[in-house]
Amino acid sequence: MQIKVNEQYHSFGEKASLGSVRDRIKADADLLIVNGFPASAENVLSNGDQVVLIKRGETPGIEEFDALMTARHTPGVHATVKGATIGIAGVGGLGSAIAIALARTGIGHLIIADFDLVEPSNLNRQQFFIDQIGLPKVYALRDTLARINPHVRVTSCHLRLTPENIAEVFGHAQILVEAFDIAEQKVMLIENFAARFPDRPMVTGSGMAGYGPANTVMTQQVARNLYLCGDATTAAAPGTGLMAPRVGVAAHHQANAVLRLLLGESPDKEGKL
Amino acid sequence: MEIIFNGKAREIQDGICIQELLNQMQLDCMQVVVEHNNNIIPRQRLAETPLKNSDTLEVIHFVGGG
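These protein sequence lines map, in sequence, to chains A and B.
Start counting the first sequence at 10; every next residue gets the next number (our numbering).
Start counting the second sequence at 207; every next residue gets the next number (our numbering).
One thing to keep in mind: the hints can contain errors.
Unchecked claim - So the derived list for chain B, only partly shown, Cβ under 7 Å to chain A, looks like this: (1) E241; (2) E264; (3) V265; (4) F268.
No wet-lab data here; the hints were simulated from the structure.
C-beta: ideal position from N, C-alpha, C; glycine also.
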């Protein structure tokens with residue numbers, strides 16, 4: 010029978026155990042994963058199983074890295090997403106967290122655009138570090154993404170997005186993520202991307218301020234190609250701030266909506282698009 | 207005449223354009239995305255897009271924060 014071990018196919022006799030596969034391919038492995046889930050050496054394998062063998066603490070070679078990093082993915086997901094190009098407009102509280110989630114998922118290419126610099130008031134919710142204060146957010150985030158997954162190609166655009174440059178910056182993005190702070194800018198981005206690319210999906214965030222229940226943050230289809238993540242009502246305003254937990258919930262709704270779109274699933278409900 | 211507004215039937219004035227309807231409803235067109243019969247309409251075209259009987263209109267209001 011054929012077993013895929015660390016992204017390479019190998020032949021084994023019927024009823025081979027996980028331990029015997031480990032002993033033949035990577036005897037010093039101390040973390041054994043079968044079809045996305047940790048398993049013990051006594052496990053008997055079946056034809057077509059996907060096995061990942063990891064030695065804890067070892068830095069893998071570049072070829073092996075993809076297989077090891079995505080060992081806990083649902084099988085098949087990584088192969089589908091690694092060819093994808095996703096645009097992210099704004100890399101503040103929403104966009105920085107979305108970019109990190111998508112990089113960990115193994116999306117092949119991220120186009121990130123933002124004019125802003127990292128400042129201390131960002132650090133209550135945005136995925137930046139003290140030693141990045143003063144840097145353009147798109148370059149700071151690019152460096153962070155490279156530390157997580159060097160196989161993700163990142164195109165960083167340090168500029169202010171306008172009606173004139175949106176189609177050029179995101180011309181290759183098959184899905185656009187709206188991750189701005191200001192409502193008028195969210196509308197401007199969506200109108201202009203839709204005018205140029207009416208058949209490409211957009212995933213937007215609206216209503217994630219404060220510390221209301223996380224359960225009111227939802228993903229809804231609000232137009233033919235527009236999915237909205239948030240509670241749709243709670244604005245950032247005097248007396249209602251923006252904080253890491255609820256902004257993070259909305260950001261990960263957006264990242265999951267992107268993943269579901271790439272896998273052909275409907276972002277807002279069970280089942281296919 | 208009647209249109210479907212955010213999923214519900216709604217009686218509106220005959221021959222009105224989208225901009226006039228938004229004005230009557232006191233919606234700020236800078237903070238809404240308007241989808242008319244499955245197409246998103248840029249704000250500069252709201253005043254030149256008339257509504258017809260049985261049209262579908264989705265008006266999505268956005269709030270700040272991110």
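Hint by hint, where does the structure go against what was stated? Just the numbers, ascending. 3
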